[in-house]
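Undergrad: The chain contents come next:
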Amino acid sequence: MDSRRHILSVTVENEPGVLSRVAGLFSGRGFNIESLNVAPTLEEGVSLMTITTVGDEAIIEQIVKQLRKLVVVIKVVDLTEVKSVEREMVFIKVHAEDGKRAEVLRIVDVFRCKVVDVGLDELTVEATGTKDKLTALITLLQRFGIKEIARTGTMAMKRSMQDLPA
Amino acid sequence: MELNGAQVLLECLKREGVEVVFGYPGGAVIDIYDRIPESGLTHILVRHEQGAIHAADGYARASGKVGCCLVTSGPGATNTVTGIATAYMDSIPVVIVTGQVPTPLIGNDAFQEVDIVGITRPCTKHNYLVKDVKDLALTIRRAFYLARSGRPGPVLVDVPKDVQQAKVKFRYPDDSEIRMRSYNPTVKPNVKQLRRLAELILKARRPLIYAGGGVISSGSSAELTWLSQTLSIPVTATLMGLGCFPADDPLWLGMLGMHGTYVANKAVQNADLVLAVGARFDDRVTGKVSTFAPKAKLVHIDVDPTSIQKNVQVHLPMVADCFSALTDLKEEMHKHLGTVDFAADHADWVAQVGAWREEHPLRYVSEPGVIKPQFVIETIRKLTKGEAVICTEVGQNQMWTAQFYGFTTPRSFLSSGGLGTMGYGFPAAIGAQMAFPDRLVIDIAGDGSIQMNIQELATAVCHNLPVKIVILNNGYLGMVRQWQELFYEKNYCSTCMAAQPDFVKLAEAYGAAGFRVEKPEEVEATLKKAFALKKTVIVDVRIPAEENVYPMVPAGKSLTDMLLV
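Line order of the protein sequences matches chains A and B.
Be aware that the first sequence starts at 1, since it is given in our numbering, and climbs by one per residue.
Be aware that the second sequence starts at 1001, since it is given in our numbering, and climbs by one per residue.
Same shape as in the complex, but just chain A:
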């Protein structure tokens, strides 16, 4: 069966140990976590975890069922099964000496990212986009020399209109 990347939206009780329960489930059963982020929702005591993971259909089915089995998990939605929007944010601290700065800024402009911090010979760029877009940006900036990188991991949400033609 084909291995595919899935984005799981997991609503959990916001209580101590919940992250460890979810992470432990993945490590204990040999599943992979590609990225994971977690933050509170509007409802008090409830957090949303967005987990990206890779596996064939049977593995993803097991992951979803195992997550649902955890007593702290309220709801699991596989956003890959529905139409969804997905974004990730990244900070990239890139070398930008005098001779290279203009070229770096041009790339930043093309990708519609922002420069959020400037040093003597480096820039910190903030970019938001899909995983593919960010990968392209990082690839382009790599030849200038990336000093540091911080990514949020994917977050995603189901689209309002599911019935429109693709």
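What the hints contain is simulated information worked out from the structure, not anything from laboratory work.
Errors might be hidden in some of the hints.
To be verified - Example chain B residues on the side facing chain A (calculated, C-beta under 7 Å, incomplete): (1) 1122; (2) 1126; (3) 1179; (4) 1181; (5) 1182; (6) 1183; (7) 1305; (8) 1306.
Owing to the predicted nature of the structure, the values given are computational and were not obtained by experimental measurement.
Backbone N, C-alpha and C fix where the C-beta goes; we use that ideal spot for every residue, glycine too.
For this one, chain A is given, so just place chain B on it according to the hints.
TA: Chain B in isolation, oriented as in the chain A frame:
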């Protein structure tokens, strides 16, 4: 009414129906022990915390109630981990209460501090650290609710010492408060799936029921037996399912899998419909999984969705507790009883199964002057008429018991199936004896396993528990030796128990009775004498060193590749 945390805890245990607590005191639970005498609860003091958790587990398996275990922080808590994992693998409802260092000290590496909630996260159904005495009562209620509902399992509650001491105005939470939005165990079967199942049964010509521990834990043996007998469907069961169907019924095939009977494994490989009920397609059952039941449509009834489509892709999954599913199925099949002659439809199949049974029945080769372990089990069966609670350790003793005892009632066979925990049987027998003071409770052990929790002899003697231990003594860790013989060129590395205690003297040293049996003609008389004694007894039965368990499907092989006697 103002109570301290310790009193709240004990009051909640009582209201959950707990009568017996198996435990061991320590610094972090003295406050709880301080209140036990006035609580009305019976406390059984074990000699090692592993004994406490296994005893609570045995109590739960024998009685169907939630077992309860109480230990101190640190090493007291970590000593229960093997037993918690044992209960988790076999879905046994147990609540474990552990003491913890006072909340201000948590995380400071305080004396006897361990993160037991972290340690047991992967081997409990759920666990809690109670940080405020106001949460204690609700947490205990939820722990019991979780332990016994859905797919049962162990739940641990860690209670810091200052929480035990803190005072609170006691209010017992009502039923509406225990429910959790994040926990909804599915119970009733889907109606459409049920109809499809009925259709599959109507079409099948070679149907087989494969029953597991879920039939026993859900209390649906009667429904399963009705289904088999009325629809003329042969039954096999896993180790955990033994006792869910009467072994003296002609439709009983015996256990399936690695040490299953020839007829059971042949039936699986030739059936056109396999109805798995409360079983989980474990590797010891399926053998090489891609060759399991190749001609069959598979139906899987289980209360735990994660069990379904995990090891085997089935044609009809049904998430439901076995009792609801089998009750509804019974009702559905009732509609067809007037029009369909199931006995005639399945006559050829039942005859074929009978022929396989004749072809290779369970057997062993008797030798003059030698006590065969299978003969010992048969003798125990004869003397107890199948009415005893039988516990086992793990290994050859366990498999011979599973094969030769012929269990007829549920909850009469207690054994560590999933985890395979040596040292389980004897403390479990103590738990079962506490649940049924008047029943005969026997632990069938090996000379290796019994030494893993032999210290509990003191517990049994101290509480006048007439548990019988029958040691099938071959001087080896027999099952590992069997593998070494068959698959490792007889390289018997570290499986010979060269130095062994004198088990008769050992029993006597603890205040129990001890007998040794060395001749086949003494077996029955000695066991009879032992079973009649109203005290803890060890019977040390000397069996041949190199007797093997057969049939055997080597690990990873197909169920058709059986080694026979």
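Undergrad: Taking the hints in turn, state whether each one holds.
TA: Hints and how they fare:
1. 1122: holds, 5 Å
2. 1126: holds, 4 Å
3. 1179: With a closest approach of 12 Å, the residue 1179(B) hint is violated.
4. 1181: holds, 6 Å
5. 1182: holds, 4 Å
6. 1183: holds, 5 Å
7. 1305: holds, 5 Å
8. 1306: holds, 4 Å
Consistency with the previously given hints fails for number 3 only.
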